[in-house]
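A.B. asks: Residues per chain, in single letters:
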Amino acid sequence: MTSNKPAIEIVDMNKWYGDFHVLKDVNLTVAEGERIVICGPSGSGKSTMIRCINRLEEHQAGKIVVNGIELTEDLKRIDEVRKEVGMCFQHFNLFPHLSILENCTLGPIWVRKMPKKEAEDVAMHFLERVKIPEQADKYPGQLSGGQQQRVAIARSLCMNPKIMLFDEPTSALDPEMIKEVLDVMVELANEGMTMLCVTHEMGFAKMVADRVIFMDEGQIVEENTPHEFFDNPQNDRTKLFLSQIIGH
Amino acid sequence: MSKIFVPLPDLPPPSSTKGIVGWSRENLFSTPLNSVLSLVIGLIVLSAVIPLLNWALFSANWAGSTPESCTATGACWSFVTSRLDFFIYGFFPTELTWRVDLVFLLLALSFVPQFFERFPYKAKLGIFSLTGLPIIAYFLIAGGVFGLDPIATNRWGGLFLTLLLAYVGIVASLPIGVVLALGRRSEMPVIRTLCIGFIELWRGVPLISVLFMASVMLPLFLPDGVSFDKLMRALVGITMFQSAYMAEVIRGGLQAIPRGQYEAAAAMGLNYWKMMRLVVLPQALKLVIPGIVNTFIALFKDTTLVLIIGLFDILGTVQNSIQDPKWGNVSTEGYVFAAACFWVFCFSISRYSQKLERKLHRGHKR
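Note that the protein sequences, when read in sequence, are chains A and B.
Be aware that the first sequence starts at 0, since it is given in numbering that gives the first Met the number 0, and climbs by one per residue.
Be aware that the second sequence starts at 0, since it is given in numbering that gives the first Met the number 0, and climbs by one per residue.
No wet-lab data here; the hints were simulated from the structure.
In this text, a Cβ means the ideal position worked out from N, Cα and C, and glycines have one as well.
Heads up, a few of these hints could be off.
Claimed, not checked - Only part of the chain B face toward chain A is listed, based on derived beta-carbon distances under 10 Å:
{"hint": "1", "residue": "N26"}
{"hint": "2", "residue": "G259"}
{"hint": "3", "residue": "A264"}
{"hint": "4", "residue": "K273"}
{"hint": "5", "residue": "M275"}
{"hint": "6", "residue": "V278"}
{"hint": "7", "residue": "K285"}
{"hint": "8", "residue": "R361"}
What the hints assert, rightly or not - Cross-link-like lysine to aspartate or glutamate pairs, in silico, DMTMM-like; alpha carbons within 25 Å at most:
{"hint": "9", "chain 1": "B", "residue 1": "K285", "chain 2": "A", "residue 2": "E101"}
{"hint": "10", "chain 1": "A", "residue 1": "K137", "chain 2": "B", "residue 2": "E186"}
{"hint": "11", "chain 1": "B", "residue 1": "K121", "chain 2": "B", "residue 2": "E356"}
{"hint": "12", "chain 1": "A", "residue 1": "K82", "chain 2": "B", "residue 2": "E186"}
{"hint": "13", "chain 1": "A", "residue 1": "K62", "chain 2": "A", "residue 2": "D24"}
{"hint": "14", "chain 1": "B", "residue 1": "K358", "chain 2": "A", "residue 2": "E101"}
{"hint": "15", "chain 1": "B", "residue 1": "K273", "chain 2": "A", "residue 2": "E79"}
{"hint": "16", "chain 1": "A", "residue 1": "K82", "chain 2": "B", "residue 2": "E356"}
{"hint": "17", "chain 1": "A", "residue 1": "K23", "chain 2": "B", "residue 2": "E262"}
{"hint": "18", "chain 1": "B", "residue 1": "K123", "chain 2": "A", "residue 2": "E175"}
{"hint": "19", "chain 1": "B", "residue 1": "K273", "chain 2": "A", "residue 2": "E133"}
{"hint": "20", "chain 1": "B", "residue 1": "K121", "chain 2": "A", "residue 2": "E69"}
{"hint": "21", "chain 1": "B", "residue 1": "K273", "chain 2": "A", "residue 2": "D78"}
{"hint": "22", "chain 1": "A", "residue 1": "K75", "chain 2": "B", "residue 2": "E262"}
{"hint": "23", "chain 1": "B", "residue 1": "K354", "chain 2": "A", "residue 2": "E101"}
{"hint": "24", "chain 1": "B", "residue 1": "K358", "chain 2": "A", "residue 2": "E227"}
{"hint": "25", "chain 1": "A", "residue 1": "K137", "chain 2": "B", "residue 2": "E262"}
{"hint": "26", "chain 1": "B", "residue 1": "K121", "chain 2": "A", "residue 2": "E119"}
{"hint": "27", "chain 1": "A", "residue 1": "K82", "chain 2": "A", "residue 2": "E69"}
{"hint": "28", "chain 1": "B", "residue 1": "K273", "chain 2": "A", "residue 2": "E101"}
{"hint": "29", "chain 1": "B", "residue 1": "K273", "chain 2": "A", "residue 2": "D11"}
{"hint": "30", "chain 1": "A", "residue 1": "K130", "chain 2": "A", "residue 2": "E190"}
{"hint": "31", "chain 1": "B", "residue 1": "K354", "chain 2": "A", "residue 2": "D136"}
{"hint": "32", "chain 1": "B", "residue 1": "K2", "chain 2": "A", "residue 2": "E175"}
{"hint": "33", "chain 1": "B", "residue 1": "K123", "chain 2": "A", "residue 2": "D136"}
{"hint": "34", "chain 1": "A", "residue 1": "K62", "chain 2": "A", "residue 2": "E222"}
{"hint": "35", "chain 1": "B", "residue 1": "K358", "chain 2": "A", "residue 2": "E72"}
{"hint": "36", "chain 1": "A", "residue 1": "K62", "chain 2": "A", "residue 2": "E101"}
{"hint": "37", "chain 1": "B", "residue 1": "K273", "chain 2": "A", "residue 2": "E119"}
{"hint": "38", "chain 1": "B", "residue 1": "K273", "chain 2": "A", "residue 2": "D73"}
{"hint": "39", "chain 1": "A", "residue 1": "K137", "chain 2": "B", "residue 2": "E116"}
{"hint": "40", "chain 1": "A", "residue 1": "K115", "chain 2": "B", "residue 2": "E262"}
When you get a sec, could you build the whole thing from the sequences and use the hints?
C.D. replies: Here it is as structure tokens:
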């Protein structure tokens with residue numbers, strides 16, 4: 000299932016916002032094809048950590064290597080990494096002035112230098128996979144939240160990424176729409192995509208994750224297989240967190 | 000057993016709330032006090048409009064080209080019609096005004112189609128009117144090439160000078176404003192400081208003093224033998240001044256774009272310039288269309304200030320003509336004509352911008 004070469008390697012990463020120490024000595028190695036779910040209370044640094052992987056946030060100490068490329072100040076390297084890493088956001092962040100199809104073809108055309116016709120074929124392929132090809136000519140403002148998030152996933156997939164990052168993809172959605180997004184993500188996971196997913200959807204974690212990571216106060220507190228993580232948490236902080244999110 | 004939820008059907012609104020009757024009942028005569036107020040205000044408007052129309056249209060003099068033909072009590076439009084060439088072309092040689100007419104025609108041909116929904120080459124025509132047209136227009140008017148007689152800029156004047164100043168100002172200040180706005184938000188301290196300095200400098204001085212500086216002071220500092228055309232100096236002054244205002248308007252738009260848009264574009268691998276061009280600026284500029292058009296209209300009207308450095312725009316030619324003693328007191332006619340010209344152009348700009356806003360509307364924002 001997983002090969003030896005790590006897709007992502009994070010070594011002793013530290014990050015500060017001004018004087019505030021957000022991430023403390025984070026170490027994480029993600030193998031190719033591995034699916035990782037990251038959870039933790041708000042403010043624990045989980046979003047910040049995955050945003051460091053495509054350099055939406057800059058780390059101040061330690062090392063991050065993505066696909067064999069180490070992230071440094073070098074803009075070329077950052078662009079190389081971003082080409083291979085897709086990301087979905089909590090608030091979708093579709094481009095409201097572009098149609099759904101144009102949202103999906105923007106990256107392939109301008110970053111991958113793909114001819115327009117080919118990019119449109121690719122876009123339609125992925126829009127079909129997320130089951131909304133009929134919305135291709137609409138604008139993001141005309142779609143529901145769940146549909147927008149599925150477009151956002153398709154938009155990332157159009158870049159043919161090796162790694163997908165999800166930053167709380169379902170937390171801004173109405174309950175009725177969460178399932179349609181999770182279904183797409185489960186499908187993606189089953190196809191062997193390397194995925195890092197910040198989410199509180201524990202059902203999703205149990206179903207697809209190879210490893211669950213629990214973060215608090217900017218540190219990785221516990222990491223384990225979903226089975227062990229949910230049934231036999233080691234750390235008191237993890238136990239408290241789990242009792243709170245499962246308790247209701 | 001479960002119940003089935005059936006929504007009630009939609010019904011049309013009651014007929015008394017629709018149409019002219021419904022509208023005036025609701026807006027003009029909703030209470031006795033409102034009815035009285037509506038009638039009183041109606042009377043006041045009528046008593047002002049009737050004499051005005053009488054003066055401007057019904058008792059006005061249209062025919063003739065001499066002061067003696069103005070016999071009726073109303074406006075003496077003969078003054079305007081007899082001086083129309085001067086108002087439009089300034090001191091441009093009469094036998095060569097076809098060159099200016101040709102430019103007007105090109106201008107109209109490249110802008111009128113923009114008002115039609117289904118014209119196919121709109122984008123190309125738009126690019127032409129911003130790049131090719133000014134160049135062609137310059138050579139047509141200035142001459143000196145293709146056997147066209149050169150015409151010095153001190154003979155340019157009237158409406159066409161006004162349009163030229165406004166057009167160059169608008170076409171140049173928008174891109175410069177975009178660059179300045181981006182620079183002011185740059186993370187590079189040198190660039191940011193330079194842009195802030197430039198914007199605050201030009202925004203902090205009145206346009207009149209800019210024009211004075213350009214026409215009177217600048218030549219003093221230039222070495223002997225180096226001189227720029229006066230019109231050129233005025234154009235540069237106006238452009239710099241308006242770019243500073245434009246930059247601030249556009250910066251407002253840039254600030255309104257949520258951070259997520261930048262992040263999504265960056266995560267996709269778009270570099271800074273592509274991100275700005277493809278994602279941020281299209282949204283930001285659309286947001287601030289009212290502000291941009293506001294600046295355009297202000298610029299259009301501010302061009303009249305070139306009068307004080309001895310350039311004769313349309314207002315200058317009108318002012319020059321009403322001093323002619325043989326026509327008597329025709330200042331009202333002259334100024335009304337100049338105001339009407341300005342209004343027509345400014346109103347067209349305004350209408351076009353509203354059309355553009357509607358066209359670029361993309362459903363509800365998130």
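A.B. asks: Please go over all the hints and tell whether each is borne out by the structure.
C.D. replies: Going through the hints against the structure:
Because the beta carbon of N26(B) sits about 32 Å from the nearest beta carbon in chain A, more than 10 Å, this interface hint is broken. About 4 Å separates the beta-carbon of G259(B) from the nearest beta-carbon of chain A, less than 10 Å, and the hint is met. The beta carbon of A264(B) is positioned within 10 Å of a beta carbon in chain A (closest approach about 8 Å), and the interface hint is therefore held. Evaluation of the K273(B) hint against chain A yields a held restraint, the C-beta minimum of about 5 Å falling below 10 Å.
With its C-beta approaching chain A no nearer than about 12 Å, M275(B) sits outside the 10 Å limit, and its interface hint is violated. A hinted interface residue such as V278(B) counts as satisfied when its beta carbon comes closer than 10 Å to some beta carbon of chain A; here the least separation is about 6 Å, so the hint holds. The beta carbon of K285(B) is positioned within 10 Å of a beta carbon in chain A (closest approach about 7 Å), and the interface hint is therefore held. Interface restraint check: R361(B) against chain A, minimum CB-CB distance 4 Å, threshold 10 Å, status holds.
For a cut-off of 25 Å, the pair hint linking K285(B) to E101(A) stands: about 18 Å separates their Cα positions. For a cut-off of 25 Å, the pair hint linking K137(A) to E186(B) is broken: about 35 Å separates their Cα positions. A distance of roughly 16 Å separates the Cα atoms of K121(B) and E356(B); the hinted pair therefore holds under the 25 Å criterion. Proximity of K82(A) to E186(B) is assessed by CA-CA distance (about 23 Å); at most 25 Å being required, the pair is judged to hold.
In summary, the hint linking K62(A) to D24(A) is supported, as the alpha carbons are separated by about 10 Å, within the 25 Å threshold. Taking the CA atoms of K358(B) and E101(A), the gap is near 18 Å; set against the 25 Å cutoff, the hint holds. In summary, the hint linking K273(B) to E79(A) is supported, as the alpha carbons are separated by about 15 Å, within the 25 Å threshold. For the proposed pair K82(A) and E356(B), the alpha carbon gap of about 34 Å is over 25 Å, so the pair is violated.
Straight-line distance between C-alpha atoms of K23(A) and E262(B) comes to about 24 Å, which keeps the hinted pair within the 25 Å bound. About 46 Å separates the Cα atoms of K123(B) and E175(A), which puts this hinted pair outside 25 Å; it is violated. A hinted pair counts as satisfied when its Cα atoms are at most 25 Å apart, and K273(B) with E133(A) does not qualify at roughly 28 Å. A hinted pair counts as satisfied when its Cα atoms are at most 25 Å apart, and K121(B) with E69(A) does not qualify at roughly 47 Å.
For the given pair, K273(B) sits about 12 Å from D78(A) by alpha-carbon distance, which is consistent with the 25 Å threshold. Between K75(A) and E262(B) the CA atoms are separated by roughly 17 Å; this keeps the pair inside 25 Å, and the hint holds. Distance restraint check for K354(B) and E101(A): the Cα-Cα separation of roughly 23 Å lies within the 25 Å cut-off, and the hinted pair is therefore satisfied. Using a Cα cut-off of 25 Å, the hinted pair K358(B) and E227(A) is violated, with the two alpha carbons roughly 56 Å apart.
Taking the CA atoms of K137(A) and E262(B), the gap is about 23 Å. The hint holds against a cut of 25 Å. Among the hinted pairs, K121(B) with E119(A) is consistent with the structure: their alpha-carbon atoms are about 24 Å apart, no more than 25 Å. Among the hinted pairs, K82(A) with E69(A) is consistent with the structure: their alpha-carbon atoms are about 14 Å apart, no more than 25 Å. With a C-alpha separation of about 15 Å, the suggested pair K273(B) and E101(A) falls inside the 25 Å cut-off, and the hint holds.
Between K273(B) and D11(A), the direct Cα distance comes to roughly 33 Å. Violation of the 25 Å bound is thereby established for this hinted pair. Distance restraint check for K130(A) and E190(A): the Cα-Cα separation of roughly 16 Å lies within the 25 Å cut-off, and the hinted pair is therefore satisfied. Straight-line distance between C-alpha atoms of K354(B) and D136(A) comes to about 22 Å, which keeps the hinted pair within the 25 Å bound. Taking the CA atoms of K2(B) and E175(A), the gap is near 21 Å; set against the 25 Å cutoff, the hint holds.
Between the alpha carbons of K123(B) and D136(A) the distance comes to roughly 23 Å, so the proposed pair stays at or under 25 Å and holds. Among the hinted pairs, K62(A) with E222(A) is consistent with the structure: their alpha-carbon atoms are about 20 Å apart, no more than 25 Å. A hinted pair counts as satisfied when its Cα atoms are at most 25 Å apart, and K358(B) with E72(A) does not qualify at roughly 42 Å. Taking the CA atoms of K62(A) and E101(A), the gap is near 36 Å; set against the 25 Å cutoff, the hint is violated.
Using a Cα cut-off of 25 Å, the hinted pair K273(B) and E119(A) holds, with the two alpha carbons roughly 19 Å apart. A threshold of 25 Å between alpha carbons decides the hint, and for K273(B) with D73(A) the separation of about 18 Å falls inside it, so the pair holds. Of the supplied pair hints, the one linking K137(A) and E116(B) holds, its CA atoms being roughly 20 Å apart against a limit of 25 Å. Proximity of K115(A) to E262(B) is assessed by CA-CA distance (about 24 Å); at most 25 Å being required, the pair is judged to hold.
Hint compliance for this structure: hints 1, 5, 10, 16, 18, 19, 20, 24, 29, 35 and 36 are not met, and every other hint is.
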